[in-house]
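Engineer: Given the coordinates of chain A, work out where chain B should sit on it, guided by the hints.
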Amino acid sequence: MARTISVEVIYRGIFQKTLAKNICRGIVLAARKEGKIGIAFGRYGDSPERNGIPAKNFAIVAPNEEELQLSMAQYEPEQTDVTINVDDMMCKGVESWAWYGLQPINQKIREQGTLIVTSMLPAEELIKFCHTKTHPYRLAVLQAIPSFSGLWVYKDDHTDVRILGALPKVCPELVSLDSVLAAIKEEWKDDLKAKSARRSFEQVTARTVRPGEGNPEVPYKFDLPGWKTMREGVTIDGIRLGEPIKFGDEIGGYRPARNPYFKKFSTRTMRPVIDFDKCIKCTLCWLQCPDSCFDVMPDGTYDLNAEACCGCGVCEAVCPVDDCVTMVNEAAFGDNKSQWEMFKTDKAGYKAWVDAKIAHRPERSHGFRYLGQYQEQVAKMGPAAGTPEKGSAGPGGRKQMGAGAEGGEE
Amino acid sequence: MDGDAATAVRVAAAEQEALISGSEAVAVATRLADVDVLTAYPIRPYDTLMQYVAKQIANGEQDAEYIVAESEHSQFEIAKHAEAVGARAMCGSSGVGWCYAFEAIAVTPALRLPLVAMVGNRALDDPGAFGTEHNDALAARDLGWMHVWVDTAQEALDTTLIAYRVAEDRRVFLPCAISTDGAFLTHSQTLVKIPPQVWVDEFLPPYNRGDLRLHPDNPITIAPQVNEDWLMEIRRQTDEAMRNARGVIEEAYRDFRRIFGRGDGNPFFEEYQTDDAEIVLLGMGTLSMPVKVVIRKLREQGQKVGFVRVRWFRPFDYERLGQLLSRFAAVGVIDRDFSMGSPFNSGVLANEIRSVLYGQDRRPPVVSFIAGLGGREVTIPAVKEMIEQTRRAAETGKTPMDTQWIGVRA
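Those protein sequence lines, which keep their order, are chains A and B. Quick note on numbering: the UniProt record's numbering labels position 218 of the first sequence as 218, and the sequence is numbered without any gaps. Quick note on numbering: the UniProt record's numbering labels position 66 of the second sequence as 66, and the sequence is numbered without any gaps.
Rather than coming from a laboratory, the hints here were simulated on the basis of the structure. In this text the structure is predicted, and so the values were computed from the model without any measurement. Glycine included, each C-beta is placed from N, C-alpha and C at the ideal position. Treat each hint with caution, since some may be false.
Computed cross-link-like contacts, DSBU-like style, restricted to lysine-lysine with a CA-CA straight-line distance of at most 30 Å [stated by the list, open to error]:
(1) B/K55 <-> A/K228
(2) A/K155 <-> B/K55
(3) A/K155 <-> A/K264
(4) B/K55 <-> A/K33
(5) A/K169 <-> A/K195
(6) A/K221 <-> B/K384
(7) A/K344 <-> A/K128
Which stretches of chain A does chain B cover? Using the computed rule of at least three CB atoms under 8 Å from a CB of chain B, they are [stated by the list, open to error]:
(8) 31–44
(9) 60–71
(10) 218–226
Isolated chain B, as found in the complex:
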C-alpha cells in the first residue's frame, strides 16, 4: 500500500466504544498490540486482566501463547525469557504477588528486556487487603523499570500501547510497569474507545531485538557471572537507557496524538487548572477524581487552586516539574503510599517533589499528606482539608515539618 492509500484506510477507520474496566482495557491493548506471550498467575486485582485475556483467546479474538505459571516468580521469568527470544510479552501482578516475583523483576532491566507489566495496585499483606496502595509498584522504583500511573480505563489502554512503543525502542529496551488502582480502575467498567487495528499498526512497529535476540542464528550468552570490574558499567548503561527514555516517551506521545487524535501534550504529568493557580495538590492515579471535583467547586468560589497528576514516575520529569511547581505559593503532595522513617515521615512522592524543588530559585512549601491507604476512599471533605492545609502553608510560607495522615481514625 502506498502512503496515500494507507492514510485513506486510516482515516476511514473508526473507533468503537466498549463498556470495560481498566484491566480489560489493558487486555484489549494486548490484543491490538498482537502480544505473543502472556503469562499469568492469579491475584486480585490484577487477575481481571488475565481473565479477560483468557476470554479473548477463548472467543478466538486474540492469538497468543497464554501461560499460567505456578507462581508470580515463574510468571515474570517466563515473560522475561520470551522477551529475550524476541517475543512481545505481557505479565502483571498485584501487592505481595508482585513482591514474590521480585528476583525476576530486579534482573529484567539490566538484561534490557522491554517487558510490559500491569500492576493492579494493592495493599501489601498483612493484613490481607485488596484495596489500592502504591507501595507494591514503588518497591521496584529504583531498579531500572519505567513506571507509569494512569487514572482512567481509556488511559490504561492508550498507555499500554505507548509502553510497548517506548520499551521496545532500541535506545531504551527497558521494562515498563503500568500502575492501575485496584478496584477504582481494575473493577469499574466505563466507556472506552477501542482504536482500529490500522491505527495501532501505524503507531507500534514490530518488536525487533536485533543483535540482542537470543537465537541459534545469533549465538549470544545472556547474564554471565561478572565481578566488580564489569558491573558499574552495566549499571551506567541501564541508567543511560532510562535517561534516553524521556525523549522517546515524548516522541511516542507526539505520534500517538497524531494517529489517535487524543492525549496530553505533556506525557509526564497532567496539569489541571494550574494556569493561574496559587496552590496545587499533586498525586498519582485515581485520586484525581475527587480532587478535580473539589477544585471545580472551589474555583466556583473564586479560589485559585489546581492539581498536578504525575503519570510517569520513572523516568521522572524533574526539570519541567520543578519549573512548574516553583511557580506556586505551596504544593500539597498526596501519597497513596508510605515510606516509614523517611525524611519528614513522608510518603515516597513527597520526598521526590522536595528533591525536584531543591534546585529551583523559588522553593514553595511542600505539605506532605498520606491518604487513601489500603484503598480507603479519598473523600471530598478529605481533599478540602488537604487544600486548606496547603493554603495555610502558602500564607505562612512555612513548610510543615511532619506529614499529615488524612482520614485515619485516632
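Bound conformation, chain A alone:
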C-alpha cells in the first residue's frame, strides 16, 4: 500500500534557493502524474535566508489528502525517506539560526533511507564528514559540483533535473522515472533536461552506511528555557568582555567572548589558512572580519577561531602579504582546531601543513576562481563527456571544485 514519503533538500541559503525549490516542486509534480498528492515548502524558520547559511526545503508525497494532512501545518517532517544535500560541505552538519544547534546532515534519515549528495568527492570521503547514526542508511553520490547562483539569477546547469532523475533509482516508492520525465517535460518544456534526468537515473548508485560509520563527534545543542526561567522583557544576556589568552608560559593578547548559541561555521565552504611566519601584525584581518573571528595572540599575530568563521574570505582579501592568509576548500579540514597552537607546537610541521594546504591554487577553492573552470568541470561530470576518475580526489587536489559564492561566471 502506498505510504507518505518525505524528502528534504538541504541547501545553501539564497545561492541554492531556486535549485531547492525546483527539486521539491518537481517531486510533487512528478508524483501527481501517478495520482498522488503532495506539498512543497521551505523550512519557515530559515527565512529570511542569508547568503550561504544552510536552509531546508521539503517535498512530501502522500497517497491521498487524509494522509497528507499529517504532514501539513508543520515546519519539517520528523523523518525523511530521502535527504538531498546539494553542497557536499554541509555533510559536516548544518546550523541555520541561533538555538538550533548543529544538525547532522543525516539527522532525519530513517532506517534504510537515502542521503543523496552532489559531490566530486568519493563516498568514503563524504562519510568521514557525516555524523554517525545508530541505524544503517544509504549514501548516493551524484557526481556534480555544487550549483550556486544568486538571489536574482539561476544557473540552469541541470542539477535540479539530475537529482530528480536519481530519485526513482534510490526511492522507487516515491515516483517512477517515467513520471519524473513527464513532469520535467511539462514544467520546463526541455527535452535536454529530461535526457539529463535519465542519464542520472542510469548512473547513480548507492552504498550502505553502517551504524557507527562516520564522524563520532556529538554535535553541540542547547536546552531552551521555560517561561519561568527565561529573562523577562524579551531580553537575553549580552556577550561579556573577553580575556587574555594563556598558552603555556605565554599570557597576553585578547580573545573576545562569543555567542555560545550560534557558531556559524556550517556556512563555510572555504577556510582561511594563516602563515604566522609571514604575518606583519598589520591588524587588518582582525579589524575587517565581519564576525570578529580573529583572536589577538600573545605574540601579536591573529589566530582564526574556526567555530565562529563563516568563510567569507574578507581576511584574505584585505591581507597585504602574499600567501599569509589563504582561503582553502573546507573539504581539506577535519576539525576546527587552532592553527596558532599547531604553529607554536611544531613550527616546521606547521609550515609543511600550510604549504600542502595552499599548494593548489587557484583550484583549491570551493568556488570559482577562473574563467572556463566551469566548462572544464562539467566535462568531468558524466560518461557522455568523459568518465571521471574515481577516488583520485583528495583535499586540495584538482577535483576540489565547485561553483562558488563569488559567482564569477553567472
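Structural biologist: Same frame as chain A, but now just chain B:
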C-alpha cells in the same frame, strides 16, 4: 450570448491545477477577479502575495495598477481611496505591519468601502517572530471589518472571490480581511484548482459603487467632520451592514457551489465528524490539520469526537453555532491568540463561544486552550491532550475556571 450558449461555455470550461501556496492562490484570485488596484508593502509572510502579483503582472498575465507604498499606512489608504472611486482593490499585511495601518483600517468600514485584504497571520513583535498567531487580525475584530479564516490554499483562492462578492454587495459594502496562517498556508505549496475565467465572471459581477462613487459626475463629500449628533446613526448603519452580511454570505456560497461545484453548505463554520460526536474541539485556521488527524485516529478506537472550524469570525453565526455546540457534552476551544486579563484568562475565541452558549438551554462546559502561539506547531500529542481535558470536563460536567496553555515550556 444567450443563456443556453453561456451555460454551454461554462460547462465546457475546465479547471486547471497548479502547485501554489495560499498567498499565491490569493494572488491568482486577484487576477481572476480582475482587481484594478493592488497596493503593497513588504512584510513576511504577507509579502508572498505581493511577490506573486508582481510576477503575474511582469509575465503579462495580470493587468492592474500595482502600487508599492512607503508604509502599510499608506498602502491601506491608497487601496481605500481606490475603492472610493469605484476601483476594485486588494491589499494586505501581517503582524505589526497590519497594526501600523490601523488608522486606515479603522476608518474603512464607516466609509463603506468594500476593500479586501489578506492578513498573513503573524505574531506581533516584540520579539521579532514570523510564525502565525491570530492577534494581528483580531486586533481589528470590533471595527466593522468582516473577518474570515481559511485552512487550505484552495479555500484561500475560493474565499477571495467570495469576499469580493460579499463585500461589494450594496447591502453590505464593508471591508473583508482574509486570514491565512503564516508559513503553513503562505509558504506551503499544494495542488490548487484554478477555475476558468467564465465561471468567475458568472459568479462575480463588476464592482458598482452607485451613488457612493467619488466622481466628478457624482459630486459627493466623503468623511466630513461630525459631532455627537451624527455619529451614533453612522455606527448603526455599519452595524446594519454587518447584520446584512450574514444573508449575503449565504447567498454567495450557494451561488459559488452552483457554479464551481465545491464548497461547504454552511459558510460560517466547518463541521468535521460532529454528527454523533459527544465532545468537540473548536478552532480557526490550519490547526484543523493535526486536529482532524487525531479525530480520525480516536474514531478508529470508537471515541466519539469531532471538530468545528470557524471560518467567518465577523459576522459570527452565533445562532447556528450556539445550537450546534449545545448538543455536545463539552467543547474545547483552541485559541491561537491571547487576550491578557480577559475572563478566565482565555483567548478571544473561547469567550466568544461562552457568549454564544449563554442563551442556550443546554450549556456544555467550555474548556479554553491557548496553543500554537508564534507559529508553534500544534502537535498530535497536544491535540490528544486537549481532547482528553475536554473529555474530563464532559465527565464531570464542570467548566474549568482557568485557561490551559498547551505546549509551553515551564
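Engineer: List in ascending order the numbers of the hints, as given earlier, that are violated by the structure.
Structural biologist: Those not satisfied come down to hint 1.
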